[in-house]
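Asks: Protein chains in written order, with my numbering: chain A, 1 to 481; chain B, 1 to 481.
No wet-lab data here; the hints were simulated from the structure. Bear in mind the structure is a predicted one, so any value in this text is a computation, not a measurement. Treat the hints with care, as some may be off.
Said to hold, decoys possible - Just the calculated beta-carbon pair ranges, DEER-fashion:
1) Ser43(A) to Gly257(B): 34 to 40 Å
2) Asp464(B) to Met471(A): 21 to 27 Å
3) Leu184(A) to Gly257(B): 47 to 53 Å
4) Asp464(B) to Glu138(A): 31 to 37 Å
5) Arg356(A) to Arg48(B): 44 to 50 Å
6) Arg361(A) to Thr285(B): 46 to 52 Å
7) Met471(A) to Thr285(B): 52 to 58 Å
8) Lys389(A) to Thr285(B): 57 to 63 Å
9) Ser43(A) to Met50(B): 25 to 31 Å
Said to hold, decoys possible - Below, simulated BS3-like cross-link-like pairs (lysine-lysine); rule was C-alpha separation at most 27 Å, straight line:
10) Lys27(A) to Lys353(A)
11) Lys421(B) to Lys353(B)
12) Lys45(A) to Lys291(B)
13) Lys444(A) to Lys353(A)
14) Lys49(A) to Lys49(B)
15) Lys45(B) to Lys291(A)
16) Lys18(B) to Lys291(A)
Stated by the list, open to error - Listing some non-contacts, in silico: residues in chain A with all C-beta distances to chain B over 12 Å:
17) Leu73
18) Asp115
19) Arg176
20) Arg295
The beta carbon of each residue, even a glycine, is placed where N, CA and C say it ideally should be.
Here's the letter readout for the chains.
2 protein chains.
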Amino acid sequence: MALAFESLYSDIAGRCGKLTVGKKIIKTPALLPVINPHLQLVSPKELRKMGVEALITNAYIFSQSKQYRDRALTDGLHKVLDFDGVIMTDSGSFQLSVYGQVSITNTETLAFQRDIGSDIWVPLDIPTSPAADRETVERELGITMERLAEAKSVFGPGAPIAGPVQGGIFPDLRERAGKEVTDLGFTFCPVGAVVPLMESYRYRDLVTVVMAAKRTLSPASCVHLFGAGHPSMFALATAMGCDLFDSAAYALYAKEGRYMTTHGSYKIHELTELPCACGVCRNHTTEELQKAPDRERLLALHNLHVTLAEIARIRQAIVDGSLWELVDERCRGHPQLLAGYRQLLIDRPALEKTDRVSKRRFFYRGGESCARTEVLRYQQMLARLRLGKHVLVDFDGGSGEGFDDILLFKPPFGPFPRELKETFPVGQSEIPEWDDAMVREGCKGIVSLSDSHPGSTIFVRCSDRWKALVMQEIGRCGVFA
Amino acid sequence: MALAFESLYSDIAGRCGKLTVGKKIIKTPALLPVINPHLQLVSPKELRKMGVEALITNAYIFSQSKQYRDRALTDGLHKVLDFDGVIMTDSGSFQLSVYGQVSITNTETLAFQRDIGSDIWVPLDIPTSPAADRETVERELGITMERLAEAKSVFGPGAPIAGPVQGGIFPDLRERAGKEVTDLGFTFCPVGAVVPLMESYRYRDLVTVVMAAKRTLSPASCVHLFGAGHPSMFALATAMGCDLFDSAAYALYAKEGRYMTTHGSYKIHELTELPCACGVCRNHTTEELQKAPDRERLLALHNLHVTLAEIARIRQAIVDGSLWELVDERCRGHPQLLAGYRQLLIDRPALEKTDRVSKRRFFYRGGESCARTEVLRYQQMLARLRLGKHVLVDFDGGSGEGFDDILLFKPPFGPFPRELKETFPVGQSEIPEWDDAMVREGCKGIVSLSDSHPGSTIFVRCSDRWKALVMQEIGRCGVFA
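If we strip away everything but chain A, and leave its shape as in the complex, we get:
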């Protein structure tokens, strides 16, 4: 298999892994900067020095360029771009989405990508707009799937071809596409045509379609989120199981005078300060950067530093098991990202399946933390406790006479036996002073315990501060001790 993916660490549905591309290996999650041969604010060689292991360029531009076509065919893409890492090529699908047509066929672009020595080829899939109606999406998805089948049959199962997942904004079509792509044997699967969703801040829809595609894609597939280039949403996308990002944003934003940060972008002329630790920002005053003759290049470098640092932060969070905390941090940066995050939390039963069992810590970061996978899993685990007939859940001390079992209580998880005091998540969770949201969530643990132990009567002992709230939440299944 020319393209193989292996996950080394995981957290939520995110992975730190390695993607093998022929004889080359790259670490994931990774950002593949987009290189336009006609316009290089930062050269591939410089990108390599910055730690970039893979980039993406557009085969269609090469195929249509008098300047580059023959050189690419003769010398190969790596020599033309002076880059010895992994080079992925897009097929012309992007141009198709912008101009409605391209003067190349599916097999022609794939053969061209092969002939210029691209490491990862992309078929001429149809990136159907999120605005398209169901009929259009189904028809275009059909064409995409035919082309993917054609790619496999013409170039063989071992060719390093990506299998894009389309399906517009219809979750069931994304799900179907994921299944068909997997059935065709693709192991490198971009989720396509999501750029318009990101451009219009429709992160809730983005979460819905990516989660749908992930439901049917093989866990062994490397998932690329096509066109995702703003660092503010990498954590969210990674949490869903996206492994690769690519974007020209660092350069396009730079050309428009836009300064990226992990919490959004600024127009450079609006800044009075340079709120970033990168070399560009620490070595220039705001005015110097605003007026620099090479401002575009400096901004592109800044945007790249920020973006690559975010990839590093995500990898570290996965290794540490603190990705939920990073997602929470990033997704509050814009109300629509928060909407996407909340949508992701609604889908936590799917995420719980892949989430890791033990983590370094659980930091409570506000009401949204109650809906984390660890809480759900803990409350499900409660069904496995062996309990006697009379069970006391004591919010305060954990002592009492006449009970078969006495459990303690830690929000947002719920009741726990003393033996679990040091284990994850009870032992490794840090919470501020109890608040309504977390105690309410903890009460769901009591309800879960009661539901799974019909032979036990649950008594709750808590201070007056919590009585009304507890009664509301567990009313039917508990008794105050």
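Based on the hints, put chain B in the right spot on chain A.
Replies: Leaving out everything else, chain B in the frame of chain A:
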């Protein structure tokens, strides 16, 4: 006046300003890196190149040093340290807090600080531990106040002397200290002895004592938070009105192999990635940094880059009026910071007084956003609306017959007349899909409207989704339309 402060922009109680120190001017908020003459991982000259306008060093170390004492007296501190910016000197109070005694008196240290050419002198105040009982704190505060009075009387009202605010963890004593320091004419006021609170993550107590001191300090005073050096809490402190930070943390952490970030610290050997955009991190692999012979210096540089970038971010947020959003972002980084943030929100009536009237935007970032000053102010403003006898608050459309006034509804603010649709905060606020917390808060606006308009009957029209919640919140004062 040798030390004068002017606020140029403000947000919450935070200020972007300029501190005039003799003939020098520095921008605030600012971090004053601590320089120990015996141990310079990064030289003052390098700090200057990084944009540092002021630093702090310890006069007591100079006064006790065979190597430096005479040179400092002869050549002056600026020449010895090779730094032409502002140099503030500590008196020996730190040593007092660590060793319990020092071999110098209040007037001796001040005279020495004057004689070595320090720009800002600190008296020998007593940094009483937060663990001290009330009697001890009162006694030691008395000594501190005597020494401050002595400083003013011996060196004159124009001497550039700081007036530290002590008082342990007793808010009324901090308040009293703030008043006395102000009455003595000090315009540069460090809040002292808070390092133990920060070291033990007691951010709630930190907020309580700083807010108490701020209540009585003059708004024209420049407030320095003594010993605060971790960038994760600068935003919180700035929001309370602290203008200056100082710390040896960048260097001390580096010596211990600790890597600072705005969301906490890592031990360098635990990192598998370098999650930062700074020049050190982008130019080294993790392993290179871990094994570098000059690792301490590289870590100190990294820590400084992160810290100075955070100061820039804070300044930008104040200019933009988005400091609440930055506080929210940083304070979720640790549950005890969240506790401090929540304490700050409880104190919002005090903050509302200084908060600015109009801001660029209001981004909803979760339940805590409901308690922001802008929401409180908006709901207070509702009292000023002129309303007829029958008032409809319509959650959806804003139309209806037979009402004198029809108001729309935007959570978390509450009801608003159509004329306010484009004004701050209604027009510039972005929220995700309505959630319980924000609608509940918006209902407080309805209650406020009802309370302030006893002659009006308020009718509410909302979808079934919200009826139960609205009834709970406004029950006694509204009627469903």
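Asks: Does each hint hold? Answer for all of them.
Replies: Do the hints match the structure? See the list:
1. Ser43(A) to Gly257(B): 34 to 40 Å: With Cβ atoms ~35 Å apart, the hint holds.
2. Asp464(B) to Met471(A): 21 to 27 Å: Since aspartate 464(B) and methionine 471(A) have Cβ atoms about 24 Å apart, the given range 21 to 27 Å holds.
3. Leu184(A) to Gly257(B): 47 to 53 Å: holds (50 Å)
4. Asp464(B) to Glu138(A): 31 to 37 Å: This hint holds: roughly 35 Å between Cβ atoms.
5. Arg356(A) to Arg48(B): 44 to 50 Å: holds (47 Å)
6. Arg361(A) to Thr285(B): 46 to 52 Å: Since the Cβ atoms of arginine 361(A) and threonine 285(B) sit about 26 Å apart, the hinted range of 46 to 52 Å is violated.
7. Met471(A) to Thr285(B): 52 to 58 Å: Holds, at about 57 Å.
8. Lys389(A) to Thr285(B): 57 to 63 Å: holds (60 Å)
9. Ser43(A) to Met50(B): 25 to 31 Å: holds (28 Å)
10. Lys27(A) to Lys353(A): Roughly 24 Å separates the two Cα atoms, so the pair holds.
11. Lys421(B) to Lys353(B): holds (24 Å)
12. Lys45(A) to Lys291(B): Distance ~26 Å between lysine 45(A) and lysine 291(B) Cα, so the pair holds.
13. Lys444(A) to Lys353(A): holds (20 Å)
14. Lys49(A) to Lys49(B): Holds, at roughly 25 Å.
15. Lys45(B) to Lys291(A): holds (26 Å)
16. Lys18(B) to Lys291(A): holds (24 Å)
17. Leu73: Non-interface label stands for leucine 73(A): nearest chain B Cβ at 35 Å, farther than 12 Å.
18. Asp115: holds (35 Å)
19. Arg176: Its Cβ never comes within 12 Å of chain B, the nearest being 27 Å, so this holds.
20. Arg295: holds (18 Å)
This entry does not satisfy hint 6, going by the numbered hints stated previously; all others are met.
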